[in-house]
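Taken in sequence, the protein lines are chains R and B.
Taken in order, the first sequence gives residues 545 to 734; the numbers are from the numbering used here.
Taken in order, the second sequence gives residues 545 to 734; the numbers are from the numbering used here.
Don't take each hint at face value.
For chains that are exact copies, the list does not tell them apart, and a pair is met inside one copy or across any two.
Each computed SDA-like pair below joins lysine to any residue, with the alpha-carbon atoms no more than 25 Å apart [to be verified]:
1. K584 x L563
2. K573 x I652
3. K584 x G571
4. K584 x V554
5. K584 x T562
Derived by calculation from the structure, the hints in this document are not laboratory data.
There are 2 protein chains.
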Amino acid sequence: MLDAAAERLVAQGYTATTLREIAADIGIKAGSIYHHFESKEDLFIEVFSRGIEVMVDAFVDVDTAMNGCDRESDRLEAHVRAHLGALFEHGSFTAAHVTAFFTAPEEIRSAIVPLRDDYEHRWNALLADVLPELDSARLPIARLFLFGAMNTTIEWFDPTGDLSLDGLANLITVQFLEGVHALNLQRSTR
Amino acid sequence: MLDAAAERLVAQGYTATTLREIAADIGIKAGSIYHHFESKEDLFIEVFSRGIEVMVDAFVDVDTAMNGCDRESDRLEAHVRAHLGALFEHGSFTAAHVTAFFTAPEEIRSAIVPLRDDYEHRWNALLADVLPELDSARLPIARLFLFGAMNTTIEWFDPTGDLSLDGLANLITVQFLEGVHALNLQRSTR
DNA sequence: GCACCTACCTAACGTTTGTTAGGTTCGCGG
DNA sequence: CCGCGAACCTAACAAACGTTAGGTAGGTGC
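Construct the entire structure; sequences and hints are all you get.
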């Protein structure tokens, strides 16, 4: 049922997604949803939360697996790969979060923001490790650049096509790292 | 009235935006909208179309102004600046298009896609000029990277803050160009 | 066998939505 | 002064929405 809700979210956004539709998708009636959730809001708060949960879990897994890694760029690439994996390989929750979060009403968003902040902080810490030369004020902007590159892939990337998720992760990581590197050079030689 | 519709779109998405709200915003009643448009669909097709119009106009302006420019990177930066200008300086149409296009129903989207394709083709041609060494199969992907970087700025960039639109355009352009350059090096030395 | 809980259904409620038919106001051209 | 069209309003329509009250079937524990 949460799965069905997530898939509808991806396809239609929040307001266009009906409880009656979700119920029909899993073969029950709309009223029965209220046995499991108090309201439509409640249901979708759970869906969005799981979307972040999947991302955080993937992040933590990489963090422990890459513990003794000395090449920082490899560590970053592994995390990019994990984020893309959350988007394309672990159900629709993360995809629903990325595409439909901003279509949800304010009350839902504000309930989710603390979880989002947690995930963003993990990335900030990671980027501070990988790019120690980067001005700390520029760090959130760099993160937003990277998030933009990763999250927009959901609008065009086809996991069954020529380019693999590994390849895409490498593409994004290299492009990002070299871009940031070039920006630092430009600033210091001015 | 189109302005009001665009602003509501940015704030709430398609389905959550009511004809009664739009009417109230401009001081008329909902039924009166049908004197100017045949339906809600019709109204928002016009809004989304103008969003692209603003972008295309900005693109064409730069194209003619930068006609005799020999430094390709400057040409690209000017176009990036123009795209960001369309997003932040020319009303809410382009912003509405970028944020709310995917919240609109299929029938609206398919009516807009040809216009989108036109804009995307202009960028493909531009990138082919600026990056002649880039594999033509990789070109649409590079464009999507760049679009991702530019369009997600709408979720975090504050035009009244420390960073100017010119500065942001430079940031994005350098980051993009050096990233693509690095990718080509990596591929040719493998 | 009785009580109880979980999971679901039926049927309706009040509200909101896009939409429409018919009427009013106002300004311009002849 | 008359006619006409543009711009708007009123009032209502059917449909769809989230939500709720009350009821039913089946399983579990004692």
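Hints, one by one, checked against the model:
1. When the C-alpha separation of K584 and L563 is checked against a cutoff of 25 Å, the pair qualifies both within a copy, at 7 Å, and between copies, at 23 Å.
2. In this assembly of identical chains, K573 and I652 lie within 25 Å of each other by CA distance solely inside one copy; the values are 24 Å within and 30 Å between copies.
3. For the identical chains of this complex, K584 and G571 are intra-copy neighbours only, at 18 Å inside a copy versus 32 Å across copies, given an alpha-carbon limit of 25 Å.
4. For a Cα distance limit of 25 Å, the shortest separation of K584 from V554 qualifies both inside one copy, at 16 Å, and across copies, at 23 Å.
5. Proximity of K584 to T562 under the C-alpha cut-off of 25 Å is found in both arrangements, the shortest distances being 9 Å within a copy and 20 Å between copies.
In terms of the numbered hints stated before, the structure departs from none.
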